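Engineer: This is what each chain is made of:
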Amino acid sequence: MSGTTAPVETSDSAPVGTPGAPAGESLQDYARRWWAGVRAGDLGSLPIVIGLILIAIIFQSQNDRFLTAGNFVNLIVQMAAITVIGMGIVFVLLLGEIDLSVGYVSGVAGVATALLMIPDGSHQLGAGPAIAIALLAGIGIGTLHGLLITKIGIPSFIVTLAGLLAWNGVVLLLIGSKGTVIIQNAFVVGFANDFLPATTAWIVVIAGIGLYAGLLLSGYRTRRKAGLATEPTSLIALRVISLAAVGIIVVAVANQDRGIPYVFLVIAGLYLLWTFVLNRTRFGRHIYAVGGNTEAARRAGINVDNVKIACFAICSLMAALGGIILASRLRSIDTNSGGGSILLYSIAAAVIGGTSLFGGRGHIKSAVLGALVIASIDNGLGLLGLSSGTKFVVTGLVLLAAVAVDSFSRRGRAQAGRA
Amino acid sequence: MTDTPVLELRGVSKNFGAVQALFEVDFHVSPGEVMALVGDNGAGKSTLIKCIAGIHPIDGGEVVFEGSPVSIHGPKDSAKLGIEVVYQDLALADNLDVVENMYLGRELTDGIRRLDETAMEARAKDTLASLSVTTIRSVRQTVAGLSGGQRQSVAVAKAVMWNSKVVILDEPTAALGVAQTRQVLDLVKRLGQQGLAVVLISHNLHDIFEVADTITVLRLGQNVAEFKTGEVTQTQVVEAITAGALSKVPGHVSAEVTA
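So the sequence lines, in the order shown, correspond to chains V and C. Everything in the first sequence is counted per my numbering, starting at 1 for the first residue and increasing by one. Everything in the second sequence is counted per my numbering, starting at 1001 for the first residue and increasing by one.
In case anyone wonders, no lab produced these hints; they're calculated from the structure. All the pointers check out, no bait thrown in.
Here are the computed lysine-lysine pairs in the DSSO-like style, where the Cα-Cα straight-line distance is at most 30 angstroms:
no.: 1; chain 1: C; residue 1: Lys1080; chain 2: V; residue 2: Lys151
no.: 2; chain 1: C; residue 1: Lys1050; chain 2: V; residue 2: Lys151
no.: 3; chain 1: C; residue 1: Lys1189; chain 2: C; residue 2: Lys1076
no.: 4; chain 1: V; residue 1: Lys365; chain 2: V; residue 2: Lys391
no.: 5; chain 1: C; residue 1: Lys1080; chain 2: C; residue 2: Lys1050
no.: 6; chain 1: C; residue 1: Lys1050; chain 2: C; residue 2: Lys1228
no.: 7; chain 1: C; residue 1: Lys1228; chain 2: C; residue 2: Lys1165
no.: 8; chain 1: C; residue 1: Lys1165; chain 2: C; residue 2: Lys1080
no.: 9; chain 1: C; residue 1: Lys1076; chain 2: V; residue 2: Lys151
Computed far set for chain C versus chain V, every beta-carbon distance over 12 angstroms:
no.: 10; residue: Glu1008
no.: 11; residue: Gly1011
no.: 12; residue: Asp1040
no.: 13; residue: Gly1042
no.: 14; residue: Gly1067
no.: 15; residue: Asn1163
no.: 16; residue: Gln1193
no.: 17; residue: Asp1213
no.: 18; residue: Val1224
no.: 19; residue: Ala1225
no.: 20; residue: Leu1246
Per the computed footprint, the stretches of chain C lying under chain V, defined by three or more beta-carbons under 8 angstroms from a beta-carbon of chain V, are:
no.: 21; stretch: 1072-1084
no.: 22; stretch: 1092-1098
no.: 23; stretch: 1103-1114
no.: 24; stretch: 1119-1126
Keep in mind that this is a model prediction, so the values were computed, not measured. From the three backbone atoms N, C-alpha and C, an ideal C-beta is built for every residue, glycine too.
Next comes chain V alone, as it looks inside the complex (with noise of 0.2 angstroms):
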């Protein structure tokens, strides 16, 4: 062990008060520091925001609608449903595990949404407690997958597996002879076809950035206080100033056309709500864990099992989400519904986005970075006019190039003892 690992240092060198990252340091130096670690393979986010931008260029090339506002909004809503569903598969991933069955169990919710507001006299319901009850049959879904995984032991493969026929054939059993579902509810169908009025997505995004600054502002403060490293002020007004500056453009371009659709207002709480949770909370500190070393969670005293419920529990409720969004762009349910390319896609959302299949490693803004790249690449070869087959072969080529790069840069990272 000792041959690979850094050369040992004596006990005369930098005392432990000092860390990487000391008070005062500036700009310059951070950007330095980010630099050399791109070079040793922490390459974060940077593959995924090069490969948008040759998207861009790409399909820009190709055909001047790819680029416009009206596309834009466009691509919001086609990836919505991936990006929730695949918020979810980011949570089992961090585990090391896997959930096959999120495309049909989606479609389970999309279906039992449709069904329980079915404008039948007797017993239809509200479009609230619909939801409530497709979401909370979510939660059970995942649950009993959970509980499948950690008390009896059956691999989440195979647990996955079994659900992606079964919920199938609840979806077909739910449908019966139905054929297809139109969803009349305007609040339901709202979701992914109705838009913010252009001031209120103004007062949403400004309210949104100075949160942001807010919450780094009194971050600082705390660890100023406490007379811990703290980044220099101007990173953290650089910061400040992307997000504006990417909140502004989307919510200007969106604007031109018919606006910022509910369904990126959705995202953008699911986001805030899961990276808090990840990030900040005991449970997600714990996910991390369980996926990084189990044994070492366990004996740290963490109920490994109920983490793994958990996260199985809310993989299916993003699904049932997700699954909902879905059957709200498409104003119905049919037979397929939760089939085709949905299960595929979301997976290797999260994956494109940097979340790793082997666990411990990841973040709520894979999901995010991914579904936009699967998204745009299936716009765009939509606007060529491609055939599907043409889109999923690109869109494997493109899961297997970004899983190459990571695999480049864990290579680098284990080098430099980054892992």
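Take the given structure of chain V and dock chain C to it, following the hints.
Structural biologist: For chain C alone, kept in the frame of chain V given last:
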């Protein structure tokens, strides 16, 4: 170093089916004392610490902690008493940083159940500094990037951070280079000087003679000798490990005990 043991095992037995892993073992360690636990493979060292840590329930005898008998049913019970074990494989999560590992399972939270990173980072740094662990550059780097000696230091710091009274180290210098072994041995000495009761399991008699005050020798699940480090030679200890006189014939007696 006081003479009243903080932890004492009296006649502890443990069997796995027909296998008698421990037979009426006596063991004790006092505050400020570094007690080495030695024995050949299969002597029962690991079983003994797992009994103390609450991973295995004991089948006979009693565990006395600070003068009163206690029953330990799980790792949480032993942690509550102030007994911490640093396992051979360290039990650190590579993907978490130093602070996150030191607080794993016992994270501090603030009023609204948010992780209190600031408090955790500050206290982790204090603990490392109090143990004079000076080689870790940043407590916010993942432990995957640490050397074997640094990882061992983090694991030990994690164990002593909780007002622990007894720290058990399982082969802390196995697989370490010369300079890193030195770091860890210095750390073990400091733990004793700070008044903790330290139990050190090792195969390396050289290390043991350097840091331990007392040596308990186990052979085939039984006590065979107890030495003061200053009063014996390594040869005598090796003799006890390989050929120490067994007080009882395990096969026969254990059959009667378990019958």
